[in-house]
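Sequences listed follow chains A and B, in order.
Counted from 1, the first sequence has number 34 at position 34 by the working numbering; the numbering is strictly sequential.
So the working numbering is basically just the index in the second sequence, starting at one, shifted up by 1000.
I should point out that these hints are in silico values taken from the structure, not numbers from a laboratory.
Be aware that one or more of the hints could be misleading.
Unchecked claim - Sample of chain B residues lacking proximity to chain A, with all beta carbon distances greater than 12 Å (derived): (1) Pro1096; (2) Pro1150; (3) Pro1181; (4) Gly1242; (5) Gly1281; (6) Ala1467; (7) Gly1474.
What the hints assert, rightly or not - Below, simulated DSSO-like cross-link-like pairs (lysine-lysine); rule was C-alpha separation at most 30 Å, straight line: (8) Lys1078/B x Lys1061/B; (9) Lys329/A x Lys1453/B; (10) Lys1019/B x Lys329/A; (11) Lys1475/B x Lys1019/B; (12) Lys61/A x Lys1061/B; (13) Lys1329/B x Lys453/A; (14) Lys1145/B x Lys1284/B; (15) Lys1329/B x Lys223/A; (16) Lys1329/B x Lys178/A; (17) Lys1178/B x Lys1145/B; (18) Lys383/A x Lys482/A; (19) Lys329/A x Lys1329/B; (20) Lys1078/B x Lys61/A; (21) Lys236/A x Lys329/A; (22) Lys178/A x Lys223/A; (23) Lys1329/B x Lys284/A; (24) Lys1178/B x Lys329/A; (25) Lys1061/B x Lys78/A; (26) Lys1475/B x Lys1453/B; (27) Lys178/A x Lys188/A.
Unchecked claim - Covered, in the sense of this in silico footprint (three residues per stretch, anywhere, with C-beta under 8 Å from a C-beta of chain A), are these stretches of chain B: (28) 1069-1083; (29) 1382-1390.
All C-beta atoms, glycine included, are put in the ideal place defined by N, C-alpha and C.
What follows is each chain in one-letter form.
There are 2 protein chains.
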Amino acid sequence: MAYRPPLRDYGFLFRDVLKLDDYSAVPGLADAPVDLVEQVIEAAGDFAAGVLAPLNSTGDKTGCRLDGNTVSTPPGFKDAYDKLVEGGWPAMSVDPQWGGQGLPYVVSVAFMEMSSSANMAFSMYPGLTRGALAALEFGASDDIKTTYLPRMATGEWAGTMNLTEPHCGTDLGMLRTKAVPQADGSYKLSGQKIWISGGEQDLTENIVHLVLARIEGAPAGVKGISLFVVPKFLPKPDGTIGARNTVSCVGLEDKMGIHGNSTCVIHHEASTGWLVGAENGGLKIMFVMMNEARLGVAVQGLSQGEAANQAAADFARDRLQGRSLTGVKNPDGPADPIVAHPDVRRMLMNSRAIIEGGRAFMLWTALNADLARHHPDEAVRSKAADYMGLLTPVLKAYLTDQGFQTASDALQVHGGSGFTEHFPASQYVRDSRITMIYEGTNGVQALDLVGRKLATNGGRAVMSFFAEIDAYTGKDHDAAIKPFVDGAAAAKAQLQEATLWLMQNGMANPDNAGAASTDYLHLFGLTGLA
Amino acid sequence: MAYRPPLRDYGFLFRDVLKLDDYSAVPGLADAPVDLVEQVIEAAGDFAAGVLAPLNSTGDKTGCRLDGNTVSTPPGFKDAYDKLVEGGWPAMSVDPQWGGQGLPYVVSVAFMEMSSSANMAFSMYPGLTRGALAALEFGASDDIKTTYLPRMATGEWAGTMNLTEPHCGTDLGMLRTKAVPQADGSYKLSGQKIWISGGEQDLTENIVHLVLARIEGAPAGVKGISLFVVPKFLPKPDGTIGARNTVSCVGLEDKMGIHGNSTCVIHHEASTGWLVGAENGGLKIMFVMMNEARLGVAVQGLSQGEAANQAAADFARDRLQGRSLTGVKNPDGPADPIVAHPDVRRMLMNSRAIIEGGRAFMLWTALNADLARHHPDEAVRSKAADYMGLLTPVLKAYLTDQGFQTASDALQVHGGSGFTEHFPASQYVRDSRITMIYEGTNGVQALDLVGRKLATNGGRAVMSFFAEIDAYTGKDHDAAIKPFVDGAAAAKAQLQEATLWLMQNGMANPDNAGAASTDYLHLFGLTGLA
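Next up, chain A with everything else stripped away, as it sits in the complex (with noise of 0.2 Å):
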């Protein structure tokens, strides 16, 4: 069967576990009632499974191509990618000033795990626009917002983060891109940027990347880094694209997976950018972008166990060998279904308890993303901002790490059937691989909830987010659910007490908290999902 949207889960989130309609006085959250929010995910939906999804096998076994410096993505996904555009899915969440719908962030997630679900290499191609986009309208003159943030608000033009260079990835301070400043105040870029996602593609008609590079003359280290616009066209004063610039791909990966998206060695060879932000303060603008990447890293992580799921507890239900140890379930057959034996069952609902825990911690704090931005009230812009700081690193690893796991164990349900490709479940081990990497391994996502957020603010966030959990466990619960209350509130008092011990044992040596994080990090995502 083909890959079903969750829609059901996401009316009893938005419904009953986040009660949207109590921030009906919230600006950003007051014009999207649950009963249009379900409209729109169900529209959502259907784009998901009825457009992306076919494509996702096709993207796999075709993969991009690259004939001298032109890319094509894998047949199918233009026609999909310009259906996308005239839905307008791209600029659903996007403020209204730049021409988007100005829908909560916290509904746009529910897009995004569905059309990565769906095919999640295509999905990355409107994701990184997305990422691109808030980093401009963060950091970008009023020139560059009005320049582009309508054409990549409709997705007419896509965006790109050129970070990596082949000796440096996650210690950026050694990046060596240079970039000359111009009479007409613009720059000249040149160096070689690697494992740029959509780097170059034949979806858009305009690629925008956004590059970090050193000024001549700037100070070592990430101290004298800053954030270049480079457009693949230049912009004509009318807005239309002009001339080419001299920034091109030369070269694509051989990949694990995400076969559909174009993963570019990217050549800037003089090219032409203009700065975003203040000069050698490029990390902090970038930093925007790359923590809305890692939330939809986050994302990618639970689309892929999601999806994974479905085709395994299918395969589950059709496939027919052996009988149940306590008696026969299916007596007309010649065996019983193998979702009747309990290893198998131990596996697909192990996963779909992740998934649907990962799922509300997810949408959770992503409510508070709106929250922080939108609520008049400072306190509650300023305790909503402290759980996405602190959340940001546990969701995109947690749900990464659990995504693979459970792609894995998908597979398993498989059996020999999940090792050829003639099954999905393959592909989704081979795609969700990637976002325990990307946007930062999992690793430095550990070492920055234990060696940043916790002590942010003297340990503020932590300490809010202890006390949440201590009102709903402390509060009179139905006896259906007190067993897994006291089991959530038992989590809490285990992460508490790793929490200080990772304070007093940090400071004495950096190498405990450092040895010690990956473990304290799952932990944390445990508690966070009960």
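Following the hints, complete the assembly by docking chain B onto the known chain A.
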């Protein structure tokens, strides 16, 4: 850096842990003093590293090709196979009666690991031959033995297992391949078999298929399954190859990994075969091959973990990125090697502990295989056979689950490089993934352990295993290793408690035992390592 055979660890295990020279009075082990064994292992390591490893990536990228019914293995495989035969490697632990060298099984395991680390897809060809040979040696008539075993021992002829059919894998009772008796004592077999590793190839002059089929009129289910030997070319009376049999490859699987091994759809069109063992007694003999194969798969899991971990350690020492939390480690370079970062070390060292503990556990069990076969004392033989039965599912599932996890951690250490196919990390992840599935999925292993092996002979094997651990942990130990011994004792106490729980709850509701079986097996594996 290329693959490096773990000779030092093997020397330590054979000399100091297993103390092979203590068995110089045991037939089959008598002619294998440690000095000789170390020489053999060193030569085996040279062969693996020098001949097989350089073909591993080629094998993955080129894969096998089917042209009509002819399969071509990747470039270089035929030459390497000829060298394998010239070196006498397939005959290593085969009985001298069939032209083998009669070395202990435990020594051949070292060869299996190293050749599989170097090139898993390649090493499956001789691996399956070894299993088929064991099954024929156990169950075939003298006539068949005399014809087939000497040629399989040299590797001139290869073996395969024809079990799975499109509608049945684990549940062999449903198989349909039909065998019709002929006047001359042979049978005509008709049916389709899938996922046949090495089912057709261009490496050997003959291929010996061991085929499960149902003789016309046989009882339904597993009680009506017989085993047949079906050669690709019918042997002439002098043992040379004669007419082409009507067994052929009609399709190659498109797989996630092990691209260098030809996984075939095999069509029997009234192919000529001969019964092995008794009518309807096929499963018992095939299980000889299966048990041999399960230990072989355990070794594959270990082998992929070892090779992947080596690659990751090399990468982590070379890649400069960031500075150590505890002060600069590489003051002359632009950054420290990533091995300085505690989360990277955590992954590498955790993997190394699993690999070295797993190798010791594997070899200890393999030594028991030799004792079960050769020891003059019936009590020793019986106890060793108990261990073999008990630990085969544990090793198969635990070492392959951990092998895949280790390969995935090794990929993670590579960061973005690991996701590209320019580095070996992705191949180890993709190749190792099948080991959790074939020769009985790991869920089937867990069920075999919990539902069958624990209870056999009133739990004799597991009680003997516990007593063995107690005897060791109860001794006086050096203070330096005391904490580890105490840890082993604690693990064993937990395992014993879990065993009791399973015995009590498994009877009340078999689904309880089934649902707990995988976690139980993991606890068993971890205790075994300890």
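Going through the hints against the structure:
No beta-carbon of chain A comes within 12 Å of the beta-carbon of Pro1096/B; the shortest separation is about 37 Å. Distance check for Pro1150/B against chain A: the nearest CB is about 33 Å away, which clears 12 Å, and the non-interface claim stands. At roughly 26 Å, the least C-beta separation between Pro1181/B and chain A is larger than 12 Å, which holds for a residue marked as non-interface. With a closest Cβ-Cβ approach of about 34 Å to chain A, Gly1242/B is found to remain outside the 12 Å limit, as its non-interface label requires.
Separation of Gly1281/B from chain A is adequate, the least Cβ-Cβ distance of about 22 Å exceeding the 12 Å criterion. No beta-carbon of chain A is positioned within 12 Å of the beta-carbon of Ala1467/B; the least distance is around 29 Å. With a least CB separation of 32 Å from chain A, Gly1474/B remains clear of the 12 Å interface cut-off, as annotated. Proximity of Lys1078/B to Lys1061/B is assessed by CA-CA distance (about 17 Å); at most 30 Å being required, the pair is judged to hold.
At roughly 26 Å between alpha-carbon atoms, Lys329/A and Lys1453/B fall within 30 Å of each other, so this suggested pair holds. A distance of roughly 52 Å separates the Cα atoms of Lys1019/B and Lys329/A; the hinted pair therefore is violated under the 30 Å criterion. Taking the CA atoms of Lys1475/B and Lys1019/B, the gap is near 19 Å; set against the 30 Å cutoff, the hint holds. A distance of roughly 14 Å separates the Cα atoms of Lys61/A and Lys1061/B; the hinted pair therefore holds under the 30 Å criterion.
Annotation: proposed proximity of Lys1329/B to Lys453/A holds, straight-line Cα distance about 26 Å (limit 30 Å). Distance hint between Lys1145/B and Lys1284/B is fulfilled; the C-alpha atoms sit about 18 Å from each other, no more than 30 Å. As the CA atoms of Lys1329/B and Lys223/A are separated by approximately 22 Å, the hinted pair is consistent with the 30 Å bound. As the CA atoms of Lys1329/B and Lys178/A are separated by approximately 28 Å, the hinted pair is consistent with the 30 Å bound.
Straight-line distance between C-alpha atoms of Lys1178/B and Lys1145/B comes to about 24 Å, which keeps the hinted pair within the 30 Å bound. Using a Cα cut-off of 30 Å, the hinted pair Lys383/A and Lys482/A holds, with the two alpha carbons roughly 28 Å apart. For a cut-off of 30 Å, the pair hint linking Lys329/A to Lys1329/B is broken: about 63 Å separates their Cα positions. With a CA separation close to 29 Å, the supplied pair Lys1078/B and Lys61/A stays within the 30 Å bound.
Among the hinted pairs, Lys236/A with Lys329/A is inconsistent with the structure: their alpha-carbon atoms are about 69 Å apart, more than 30 Å. For the proposed pair Lys178/A and Lys223/A, the alpha carbon gap of about 14 Å is at most 30 Å, so the pair holds. Of the pairs offered as hints, the one joining Lys1329/B and Lys284/A holds, with about 28 Å between alpha carbons and a cut-off of 30 Å not exceeded. Only pairs whose Cα atoms come within 30 Å are accepted, and Lys1178/B paired with Lys329/A is accepted, the gap being roughly 28 Å.
At most 30 Å may separate the alpha-carbon atoms for a hinted pair to count; Lys1061/B and Lys78/A meet this at roughly 29 Å. Restraint check: the Cα-Cα separation between Lys1475/B and Lys1453/B comes to about 28 Å, which is no more than 30 Å; the hinted pair holds. With a C-alpha separation of about 8 Å, the suggested pair Lys178/A and Lys188/A falls inside the 30 Å cut-off, and the hint holds. Using a Cβ-Cβ cut-off of 8 Å, 0 residues of the stretch 1069-1083 of chain B lie near chain A, which falls short of the minimum of three, so the contact claim is violated.
Counting residues of the stretch 1382-1390 of chain B whose C-beta sits closer than 8 Å to any C-beta of chain A gives 0, which falls short of three, so the coverage hint is violated.
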